[in-house]
Structure formats: C-alpha cells, structure tokens
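Student: Sequence:
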Amino acid sequence: MDLSNFPMDVQTCYLIYESFNYNNQEVRMRWNTINPNPVYTVSEILLPDFILINITSTLRIEKYPAGMWDELHVNLTFERRCIWYFMQAYVPTYLTIFIR
Numbered sequence: 001m002d003l004s005n006f007p008m009d010v011q012t013c014y015l016i017y018e019s020f021n022y023n024n025q026e027v028r029m030r031w032n033t034i035n036p037n038p039v040y041t042v043s044e045i046l047l048p049d050f051i052l053i054n055i056t057s058t059l060r061i062e063k064y065p066a067g068m069w070d071e072l073h074v075n076l077t078f079e080r081r082c083i084w085y086f087m088q089a090y091v092p093t094y095l096t097i098f099i100r
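Start counting the sequence shown at 1; every next residue gets the next number (this note's numbering).
There could be a bad hint or two in this list.
[Unchecked claim] Here are the in silico distance ranges between beta carbons for each label pair:
#, residue 1, residue 2, range
1, L46, V91, 38 to 44 Å
2, Q88, T56, 28 to 34 Å
3, M68, P36, 22 to 28 Å
4, E26, I83, 27 to 33 Å
5, P36, T93, 43 to 49 Å
Keep in mind the hints are simulated off the structure, nothing from the lab.
Keep in mind the model is a prediction, meaning the values are calculated, not measured.
Where a beta carbon is used, it is the ideal one built from N, C-alpha and C, also for glycine.
Could you put together the complete structure from these sequences and hints?
Tutor: Shown next as structure tokens:
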C-alpha cells in the first residue's frame, strides 16, 4: 500500500485465482464471455471509508516448471473518502487542541 497521499489516496486490491494442483491441460479457467464485464457487483458496495471506483478482470497464462497455468486476475480500485477521515480524526483533534 502506498499511503503517501493519505487520506486522499487511491488503493488497488489485486486478486489472483488459479488452480493449485492442476495445470491448464487438466483445468481450463476462463472468464464468462457472454457478459462483457465478467466481474461486477450485484448492488452498490457501501463502505464507510472507501468508494469502489473500478473493477478490471484479465486472463493470464503463466509458465511454471510443471507446465502452463491459467490465472484469472481481478483488480479492485478503491478511492478513500477523505471527508470521513477529516470528520473522524482531524476535526476532533483540532477541537481538542483549541478547547485547551
């Protein structure tokens, strides 16, 4: 995680799905080609401190000594709600300092 722009940062979560035991000669992994977006949310995801801004999915074929493996990659990109941090951390801190 890169927190250099905290609390106005964007974070990406990387997920990789692959078979642990079977190469692509035995198990083929593919995204559903009927839907142009194979990864989607059924309803809007509500998180107190993040907004889900993008979901990307890719298929990669990786070479290992035992053969070729299919990997399904999903990248979830989140934008931090900076107002939440200002209201929960900065404002109470400054009010505490000014009251003294």
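Student: Note whether the CB distance of M68 and P36 lies within 22 to 28 Å or breaks it.
Tutor: Distance hint for M68, P36 holds at roughly 26 Å.
Student: How does the Cβ-Cβ distance of E26 and I83 compare with 27 to 33 Å: does it lie in that range?
Tutor: Hint violated: Cβ distance 50 Å, outside 27 to 33 Å.
Student: Does the Cβ distance between P36 and T93 fall inside 43 to 49 Å?
Tutor: 46 Å, holds
Student: Should the hint that Q88 and T56 are 28 to 34 Å apart at their CB atoms be regarded as holding?
Tutor: Given about 30 Å between the Cβ atoms, the range holds.
Student: Does the hinted range 38 to 44 Å hold for L46 and V91 at CB?
Tutor: 22 Å, violated
Hints 1 and 4, counting from the list given before, are not met by this structure.
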